[in-house]
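If you're matching them up, the sequences are chains X and P in order.
Residue 43 is where the first sequence starts when you use the numbering used here, and the numbers rise one by one after that.
Residue 11 is where the second sequence starts when you use the numbering used here, and the numbers rise one by one after that.
Worth double-checking, as some hints may not be accurate.
[Claimed, not checked] Listed next, the in silico DMTMM-like pairs over lysine to aspartate or glutamate satisfying Cα-Cα at most 20 Å (straight line):
id : chain 1 : residue 1 : chain 2 : residue 2
1  : P       : 57        : X       : 126
2  : P       : 54        : P       : 493
3  : P       : 433       : P       : 280
4  : P       : 54        : X       : 292
5  : X       : 249       : X       : 292
6  : X       : 96        : P       : 237
7  : X       : 212       : X       : 267
8  : X       : 258       : X       : 238
9  : P       : 504       : P       : 493
10 : X       : 258       : X       : 232
11 : P       : 396       : X       : 238
12 : P       : 189       : X       : 132
13 : P       : 68        : P       : 109
14 : P       : 501       : P       : 542
15 : P       : 501       : X       : 126
16 : P       : 433       : P       : 530
17 : X       : 129       : P       : 67
18 : P       : 57        : P       : 490
19 : P       : 455       : P       : 490
20 : X       : 249       : P       : 490
21 : P       : 189       : X       : 126
22 : X       : 96        : P       : 480
23 : P       : 433       : X       : 236
24 : P       : 504       : X       : 126
Worth flagging that the hints you see were computed from the coordinates, not collected in a lab.
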Amino acid sequence: MKIRTLKYIILAIVPILLFGCREERRVISPIVPGGDRIILLEEFTGKGCSNCPKGSREIENLLSLYPENLVVVSIHAGFFANPDFFKIGEHDLRTEEGEALFDYLGPNSGYPAGVVDRTYFNGELQLTASAWAGYIGNEIEEDPLVEFQISRDYNGQDRTIRVSLNGRAKASVSGDLRASVMILENGIVDAQDDFEAGGVVEDYVHKHVLRDMLTKFDGESFATDLLVGEAFDLEFSGTIDPDWNDSRIDIVAFITNVKSGEGTFEVLQAGQLHLVD
Amino acid sequence: MTCYARPGRCVFILFAILLGIQTAHSQEGTFSGSLVANGNFYQKDEKIGAANTPQYEKQLYGADAWLNLSYSISGYELGVRFDLFNNSQLLNPNDSYTDQGLGRWYIKKRIQKLHISAGYLYDQIGSGVIFRAYEERPLLIDNALFGVRLVYDINEDWQVKAFTGKQKRLFETYDSVLKGLSLDGYVTGGEDANWNIVPGFGIVGKTLSEGQMDALANNLSSYTPEDFINEVPYNSYAFTVYNTLNIGNFSWYVEGAYKTEEVIFDLFAERTLWTGETNIGKYVLSPGSLIYSSLSYAGSDFGILFDYKRTDKFNFRADPFVTLNRGMINFLPPMNRLNTYRLTARYNPATQELGEQAVQVDLRYSPKKNLSFLVNFSNITDLNGKQLYREYFTEVTLKKPRKWTLVGGIQRQEYNQEIFEGKSGVPIVYTFTPYVDYLYKIDRKKSFRVEMQYMDTDEDFGSWLFALVEFGIAPHWIFEISDMYNVDPTKTGKLHYPTAGVVYTTGSNRFAIRYVKQVEGVVCSGGICRLEPAFSGVRLNVSSNF
Numbered sequence: 043m044k045i046r047t048l049k050y051i052i053l054a055i056v057p058i059l060l061f062g063c064r065e066e067r068r069v070i071s072p073i074v075p076g077g078d079r080i081i082l083l084e085e086f087t088g089k090g091c092s093n094c095p096k097g098s099r100e101i102e103n104l105l106s107l108y109p110e111n112l113v114v115v116s117i118h119a120g121f122f123a124n125p126d127f128f129k130i131g132e133h134d135l136r137t138e139e140g141e142a143l144f145d146y147l148g149p150n151s152g153y154p155a156g157v158v159d160r161t162y163f164n165g166e167l168q169l170t171a172s173a174w175a176g177y178i179g180n181e182i183e184e185d186p187l188v189e190f191q192i193s194r195d196y197n198g199q200d201r202t203i204r205v206s207l208n209g210r211a212k213a214s215v216s217g218d219l220r221a222s223v224m225i226l227e228n229g230i231v232d233a234q235d236d237f238e239a240g241g242v243v244e245d246y247v248h249k250h251v252l253r254d255m256l257t258k259f260d261g262e263s264f265a266t267d268l269l270v271g272e273a274f275d276l277e278f279s280g281t282i283d284p285d286w287n288d289s290r291i292d293i294v295a296f297i298t299n300v301k302s303g304e305g306t307f308e309v310l311q312a313g314q315l316h317l318v319d
Numbered sequence: 011m012t013c014y015a016r017p018g019r020c021v022f023i024l025f026a027i028l029l030g031i032q033t034a035h036s037q038e039g040t041f042s043g044s045l046v047a048n049g050n051f052y053q054k055d056e057k058i059g060a061a062n063t064p065q066y067e068k069q070l071y072g073a074d075a076w077l078n079l080s081y082s083i084s085g086y087e088l089g090v091r092f093d094l095f096n097n098s099q100l101l102n103p104n105d106s107y108t109d110q111g112l113g114r115w116y117i118k119k120r121i122q123k124l125h126i127s128a129g130y131l132y133d134q135i136g137s138g139v140i141f142r143a144y145e146e147r148p149l150l151i152d153n154a155l156f157g158v159r160l161v162y163d164i165n166e167d168w169q170v171k172a173f174t175g176k177q178k179r180l181f182e183t184y185d186s187v188l189k190g191l192s193l194d195g196y197v198t199g200g201e202d203a204n205w206n207i208v209p210g211f212g213i214v215g216k217t218l219s220e221g222q223m224d225a226l227a228n229n230l231s232s233y234t235p236e237d238f239i240n241e242v243p244y245n246s247y248a249f250t251v252y253n254t255l256n257i258g259n260f261s262w263y264v265e266g267a268y269k270t271e272e273v274i275f276d277l278f279a280e281r282t283l284w285t286g287e288t289n290i291g292k293y294v295l296s297p298g299s300l301i302y303s304s305l306s307y308a309g310s311d312f313g314i315l316f317d318y319k320r321t322d323k324f325n326f327r328a329d330p331f332v333t334l335n336r337g338m339i340n341f342l343p344p345m346n347r348l349n350t351y352r353l354t355a356r357y358n359p360a361t362q363e364l365g366e367q368a369v370q371v372d373l374r375y376s377p378k379k380n381l382s383f384l385v386n387f388s389n390i391t392d393l394n395g396k397q398l399y400r401e402y403f404t405e406v407t408l409k410k411p412r413k414w415t416l417v418g419g420i421q422r423q424e425y426n427q428e429i430f431e432g433k434s435g436v437p438i439v440y441t442f443t444p445y446v447d448y449l450y451k452i453d454r455k456k457s458f459r460v461e462m463q464y465m466d467t468d469e470d471f472g473s474w475l476f477a478l479v480e481f482g483i484a485p486h487w488i489f490e491i492s493d494m495y496n497v498d499p500t501k502t503g504k505l506h507y508p509t510a511g512v513v514y515t516t517g518s519n520r521f522a523i524r525y526v527k528q529v530e531g532v533v534c535s536g537g538i539c540r541l542e543p544a545f546s547g548v549r550l551n552v553s554s555n556f
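Whenever a hint applies, use it, and build me the whole structure from the sequences.
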């Protein structure tokens, strides 16, 4: 056989060798929710964002799937939430803390965007709606490093509220440990641009809307190290705005571990409680 | 070597290698380079919508810069590129992105018939439909392959190429691994023959990382039984076969590509949720295919081009979760005319990777040396026949050599704004745009150019008028002033969008400063488009080659 013929035979065989092997595919098993981990999903949305209702439907889908393991906050912030730019509806659902979080958890690369446990996945923090379920599934498989109970003392007359977090570390944790407490309102009826509805829906029901925070937007530091079993008791107070329907208010609390040197601020555990029973 | 964390170390090592080569060969090498630097000074203007981004509200300034350096000696070529983004709008026009560092490095060496390259490489197979590693700075696309490439010259006419690596993602890489192989050739009928063929074949494989697969599997495991996918491949492959046949004045390019089954996000598929509701968009397990052909005839006074493309689920990305302009392994060529005038280029159809059927016909006729005609038609539908885009474009060019050139024509467009810009409930945009461009040479150095365009439309922002006056003093100066005016507005009041600028060129350095008011619109580069918000402020640009 001539050398030249041999060259061509080798050239023909190489692709088959390189690309022709049969692989073992990943078998997908239906999810079985469980465990103690409660995941925080912070969604950035806006009334002017026509694809955001799709994100809201995905949120309700995920809450149906993970009723005990998921807490959601919808943060109206940034370009699509600005009523100067999108003059629809009556209410400006933005908050100072929400705008600060939009920058803190940026950069944004499109709406709706969701941040799962303030964790980078493949280098991305703000994820598209189609990616939320996967990364929530990833996080739920991990045991929580801390656990805590939320309790509240609400005075319906003067609308003052005191929120207590009583918890302990389930493993040794080091870093700048911070607590955040958010006030959410459900059932706000206001306009929303909705691509699939063919335009602006005037009586759209907005859920899980961030209204206020009882802490700084990036949390209140309470420890730099926690040993296994070490307890913490924290208390935060504030006032519920009289314009908000207190029967539809939820309190969301979570613990983050901020590591400035590494540029991370992962949520270790989250929790949620209704303002009134 | 982690060049993101320690770019200085990488540059040092590269140049140490370079000095070693120089010393060993006692030869003088060749240094070359280029710089592009853009500075934007933002001036808030709520009337035109230039507001509510970090740049307008607090930062007031943003910049992007790329500095390329390359050095060649004794068959070696080494290069580095420094990238800078300060409060940049390029990543996301509605947000601010800041980062800087070593954006690229590479080493190339030819050893007889073998070409070796390593580092961040730009390349493509065929027309790029299965693999194209490229850069589009206006859209911050930098899909370089970070890996190794070997090219072997089998003989004068045939070449085989193999590569492996990961796709660049800003200053990092995607986790999936890419590999590819291609064979390109040239066959002619002989010295006297008037025909030749340029055939080729390529394969690209992608392997998802364990992390990507875990996230994908977790995602799919949350699906309801109606949409459930039982098993997912780690590997997907895209194959292409292509050929250009040249016979006399005729040229026919044809390319067929197939992608094996992989999980892709289908924007238009209906998904059943656990709540009983439905959502549009879900992951599906699907193969993809593409056919692309271009037939042309180029005579001395007459030319015709016919393009056809059919795309079916041909999105091929380095990560199953990225969208828009991110993580694209391949490039699907656009099928519409690439217009350059402000108003004729206002509505541009982005390539639809999930499903598109497109044709384009381009006719050119020059009965005299100083007179030419052009007619272009393009039509794009989805695979169900839904109209996405249609354009009729005509152009007449009349010249008086060394004195003046007059270009004029009419454009008619039908543009599906709902699909291309993701705006809900908006109607098809119908435009009718006459335009004229007159260049007058006053003397050997001085020239004067006027552009006028009028876009008549009842949709989107309504009708527009655009005028530009440009005065050039060769070889250094260009002065320009223009205005875009919303003559029959539907959304805003009657607004002016003026621009004034000066460009100074000296040798291979070019400096430009412009005061700009720019309306929101779709910006496209090479068939990839995105919606850009309005701009108000001053733009500085410096470019240099050395």
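Do the hints match the structure? See the list:
no.: 1; hint: P:57 x X:126; result: holds, 10 Å
no.: 2; hint: P:54 x P:493; result: holds, 18 Å
no.: 3; hint: P:433 x P:280; result: holds, 19 Å
no.: 4; hint: P:54 x X:292; result: violated, 37 Å
no.: 5; hint: X:249 x X:292; result: holds, 10 Å
no.: 6; hint: X:96 x P:237; result: holds, 17 Å
no.: 7; hint: X:212 x X:267; result: holds, 12 Å
no.: 8; hint: X:258 x X:238; result: violated, 37 Å
no.: 9; hint: P:504 x P:493; result: holds, 13 Å
no.: 10; hint: X:258 x X:232; result: violated, 28 Å
no.: 11; hint: P:396 x X:238; result: holds, 17 Å
no.: 12; hint: P:189 x X:132; result: violated, 54 Å
no.: 13; hint: P:68 x P:109; result: holds, 18 Å
no.: 14; hint: P:501 x P:542; result: holds, 17 Å
no.: 15; hint: P:501 x X:126; result: holds, 14 Å
no.: 16; hint: P:433 x P:530; result: holds, 13 Å
no.: 17; hint: X:129 x P:67; result: holds, 19 Å
no.: 18; hint: P:57 x P:490; result: violated, 24 Å
no.: 19; hint: P:455 x P:490; result: holds, 16 Å
no.: 20; hint: X:249 x P:490; result: violated, 51 Å
no.: 21; hint: P:189 x X:126; result: violated, 48 Å
no.: 22; hint: X:96 x P:480; result: violated, 47 Å
no.: 23; hint: P:433 x X:236; result: holds, 9 Å
no.: 24; hint: P:504 x X:126; result: holds, 18 Å
Checked against the numbered hints listed earlier, the structure breaks hints 4, 8, 10, 12, 18, 20, 21, 22; every other hint is satisfied.
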